[in-house]
Structures are given as structure tokens and as C-alpha cells.
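Just need the whole structure built from these sequences, with the hints factored in.
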Amino acid sequence: MDHQLLVFTTVVEKKNFSRAAEELHMTQPAVSQYIQSLEQQIGTRLLERSNKFVRLNMAGEIVYHHAKEILSHYTRMQYLVDDLMNKASGDLFIGASYSFGEYVLPGMISDLLENYPLIKPSITIRNSKRIVDLVVNNELEIGIVEGEFNQQSLNIEPFADDLMYVTMSANHRFANQSIVTKEELEAETWIVREEGSGTREATDKMFDRLQLNPQHKMEFGSTQVIKESVESGIGISLLSKWAIQRELSSGTLRLVEYEGLPVRRKFSIVTRTVPFQTKAMELFLKMLRDRYR
Numbered sequence: 104m105d106h107q108l109l110v111f112t113t114v115v116e117k118k119n120f121s122r123a124a125e126e127l128h129m130t131q132p133a134v135s136q137y138i139q140s141l142e143q144q145i146g147t148r149l150l151e152r153s154n155k156f157v158r159l160n161m162a163g164e165i166v167y168h169h170a171k172e173i174l175s176h177y178t179r180m181q182y183l184v185d186d187l188m189n190k191a192s193g194d195l196f197i198g199a200s201y202s203f204g205e206y207v208l209p210g211m212i213s214d215l216l217e218n219y220p221l222i223k224p225s226i227t228i229r230n231s232k233r234i235v236d237l238v239v240n241n242e243l244e245i246g247i248v249e250g251e252f253n254q255q256s257l258n259i260e261p262f263a264d265d266l267m268y269v270t271m272s273a274n275h276r277f278a279n280q281s282i283v284t285k286e287e288l289e290a291e292t293w294i295v296r297e298e299g300s301g302t303r304e305a306t307d308k309m310f311d312r313l314q315l316n317p318q319h320k321m322e323f324g325s326t327q328v329i330k331e332s333v334e335s336g337i338g339i340s341l342l343s344k345w346a347i348q349r350e351l352s353s354g355t356l357r358l359v360e361y362e363g364l365p366v367r368r369k370f371s372i373v374t375r376t377v378p379f380q381t382k383a384m385e386l387f388l389k390m391l392r393d394r395y396r
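Okay, so the sequence shown: first residue is 104 according to this note's numbering, each after it adds one.
Fair warning: there could be bad hints in the mix.
To be verified - In silico BS3-like links for lysine-lysine, alpha-carbon gap of 27 Å or less: (1) Lys-369 / Lys-320; (2) Lys-223 / Lys-190; (3) Lys-382 / Lys-190; (4) Lys-369 / Lys-344; (5) Lys-285 / Lys-320; (6) Lys-320 / Lys-232; (7) Lys-389 / Lys-369; (8) Lys-117 / Lys-223; (9) Lys-344 / Lys-320; (10) Lys-171 / Lys-382; (11) Lys-320 / Lys-308; (12) Lys-389 / Lys-223; (13) Lys-232 / Lys-308; (14) Lys-344 / Lys-285; (15) Lys-389 / Lys-232; (16) Lys-308 / Lys-344; (17) Lys-285 / Lys-308; (18) Lys-223 / Lys-382; (19) Lys-118 / Lys-171; (20) Lys-155 / Lys-232; (21) Lys-171 / Lys-223; (22) Lys-232 / Lys-369; (23) Lys-389 / Lys-190; (24) Lys-117 / Lys-155; (25) Lys-117 / Lys-171; (26) Lys-344 / Lys-389; (27) Lys-308 / Lys-369; (28) Lys-232 / Lys-171; (29) Lys-155 / Lys-171; (30) Lys-155 / Lys-118.
Quick caveat, the hints were computed from the structure, so don't treat them as lab data.
Laid out in C-alpha cells, this is it:
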């Protein structure tokens with residue numbers, strides 16, 4: 104591994120030479136020497152230093168970005184070699200959108216660890232657009248997203264169907280109606296996800312397809328918060344069946360019956376185009392595909 108880059112990125116992230124030295128089990132003069140040597144090779148200063156802080160200058164920003172990518176390739180190379188010799192092990196960086204990440208992924212991770220305890224999964228849950236960005240930037244190995252994306256640098260593989268229902272509180276006035284009209288739906292408060300969310304994309308497409316033009320919308324950044332808001336009677340929302348199974352069983356949430364529902368969408372696996380995959384990554388992808396085949 105390139106120790107100059109490792110020392111440099113550690114100093115940047117710890118924002119302090121002493122803390123970086125402690126993290127790397129080195130002396131502070133040795134850390135300083137590594138930084139000076141790197142700056143000499145690059146041909147310019149990379150860090151602005153004072154008694155209170157260490158921070159990147161513009162050249163340092165460029166070097167830091169590429170150093171993280173280079174170190175990631177070193178780590179991946181080591182895992183691939185280890186996989187040839189040993190059982191599946193090492194870090195596995197997985198990202199998922201909220202609907203899948205909060206309500207489906209935990210059970211899958213539990214199954215993975217039960218069978219392969221040497222794998223160390225790290226989970227990131229964000230909206231679909233953010234997960235795709237993190238895969239593109241080499242910060243995640245696998246993304247699980249909903250919605251449509253067109254990224255030439257990525258493999259996008261649909262693997263599961265999701266049904267989405269308009270959901271209301273069990274005490275909502277619609278619960279006692281056999282028919283809900285278009286006008287009633289448009290007059291209702293709709294609780295929606297933020298832009299960039301696959302659930303928001305599905306909701307907007309549903310509004311267009313059903314020619315609904317709701318006058319009152321509330322925007323939240325979490326499926327769990329939306330679900331709790333619907334339960335409390337604040338409004339209605341389009342939610343994944345995966346997210347509301349427990350509440351439907353307990354009777355705290357109910358489904359709004361309306362022509363054209365439920366909404367069907369695809370969940371997709373997003374990965375970078377790489378010549379090799381770690382065994383941990385291969386095993387998790389196989390688990391995903393087998394479960395929803």
C-alpha cells in the first residue's frame with residue numbers, strides 16, 4: 104500500500120498531525136516527513152497549516168479525492184487475493200434506498216452474517232439518487248435502489264418487483280367509505296418524500312397517470328416519519344408494501360381502494376463495471392438474486 108497516501112488521507116480526516124500519528128501508531132515527526140515527501144513529489148503544498156488547524160488547499164482537494172480512490176483499489180485488490188486463499192471475508196459496502204434498506208435489508212444482512220461471519224458489512228441508507236452517486240464515486244460497492252437511472256458507467260440490474268399502495272390511518276374518514284372520488288383524493292393532504300427519492304418518483308408518476316392534482320402536500324425525508332404521520336391522521340401517502348406490512352397486520356394502517364392502484368415498480372441492483380468482484384460481494388449479490396428470482 105502507498106503509505107504516503109495513507110498518511111496524507113489520515114491527516115486530512117483527523118485534521119491534526121498528532122491525532123493522525125496516534126491513529127497510525129507513528130511519531131508526529133514521521134507523519135510530517137511523509138507529508139513533506141508527498142508534497143515534494145507532487146510539486147506543491149497540499150495542506151494549509153496553523154497551530155489550530157490543518158486543512159486542504161485546492162491542490163490538496165485534488166490529491167485527496169484521488170488518494171481515496173487509489174487506497175480503495177489497494178484494499179479491493181487485497182480482498183480479491185485473500186478470497187483466492189481463504190473463506191469470504193472483509194468489508195462489504197452496501198447502500199440502499201429507505202424502503203428496502205429499512206424494511207428488507209436488515210433480515211438479509213442477518214442471514215449473510217449467519218453463513219459468512221467473517222464478512223463485515225457496512226450499510227448506508229439514503230434516497231435512491233444519493234445511493235447511485237455513492238456507487239459512481241466508488242464509496243459503495245453495491246446499491247439497491249428504486250426508480251429509473253441511466254448511468255453508462257454502472258451496471259443496473261432489476262431484480263425485484265415492489266407494490267405500492269395509497270395508505271391511510273385506520274381512523275381516517277376514507278376508511279368508512281366504499282368509494283373514494285378523485286375530488287376527495289385531490290382535497291386530501293398527501294405526505295410525500297423529497298426529490299431524488301424513488302418513492303417520490305413513483306408518487307409523481309402516479310399523480311400524472313391517474314390525473315390527480317393534490318392541493319396540499321407535505322414533504323418528509325424518511326419513510327418511517329411518513330408512516331408515523333399517516334398513522335396519526337395527518338394525511339395519506341403512497342408507500343411500499345414492504346414498509347407497511349406490520350401496520351397492516353396490526354390494523355393501524357389501511358389501504359385506500361382506487362382504480363389504477365396499486366402502483367408497481369422495480370428495485371434494481373447498482374454496481375460499478377469492474378473486472379473482478381470480491382467473494383463477499385459475489386455472495387451477497389447471489390443472495391439477492393436467489394431470494395427474488
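Results of checking the hints against the structure:
| no. | hint | verdict |
| --- | --- | --- |
| 1 | Lys-369 / Lys-320 | 25 Å, holds |
| 2 | Lys-223 / Lys-190 | 13 Å, holds |
| 3 | Lys-382 / Lys-190 | 8 Å, holds |
| 4 | Lys-369 / Lys-344 | 13 Å, holds |
| 5 | Lys-285 / Lys-320 | 16 Å, holds |
| 6 | Lys-320 / Lys-232 | 21 Å, holds |
| 7 | Lys-389 / Lys-369 | 18 Å, holds |
| 8 | Lys-117 / Lys-223 | 23 Å, holds |
| 9 | Lys-344 / Lys-320 | 21 Å, holds |
| 10 | Lys-171 / Lys-382 | 22 Å, holds |
| 11 | Lys-320 / Lys-308 | 15 Å, holds |
| 12 | Lys-389 / Lys-223 | 17 Å, holds |
| 13 | Lys-232 / Lys-308 | 17 Å, holds |
| 14 | Lys-344 / Lys-285 | 23 Å, holds |
| 15 | Lys-389 / Lys-232 | 24 Å, holds |
| 16 | Lys-308 / Lys-344 | 18 Å, holds |
| 17 | Lys-285 / Lys-308 | 16 Å, holds |
| 18 | Lys-223 / Lys-382 | 12 Å, holds |
| 19 | Lys-118 / Lys-171 | 16 Å, holds |
| 20 | Lys-155 / Lys-232 | 37 Å, violated |
| 21 | Lys-171 / Lys-223 | 20 Å, holds |
| 22 | Lys-232 / Lys-369 | 15 Å, holds |
| 23 | Lys-389 / Lys-190 | 16 Å, holds |
| 24 | Lys-117 / Lys-155 | 13 Å, holds |
| 25 | Lys-117 / Lys-171 | 14 Å, holds |
| 26 | Lys-344 / Lys-389 | 24 Å, holds |
| 27 | Lys-308 / Lys-369 | 14 Å, holds |
| 28 | Lys-232 / Lys-171 | 22 Å, holds |
| 29 | Lys-155 / Lys-171 | 25 Å, holds |
| 30 | Lys-155 / Lys-118 | 9 Å, holds |
Figure legend: structure checked against the earlier numbered hints; the only hint not met is number 20.
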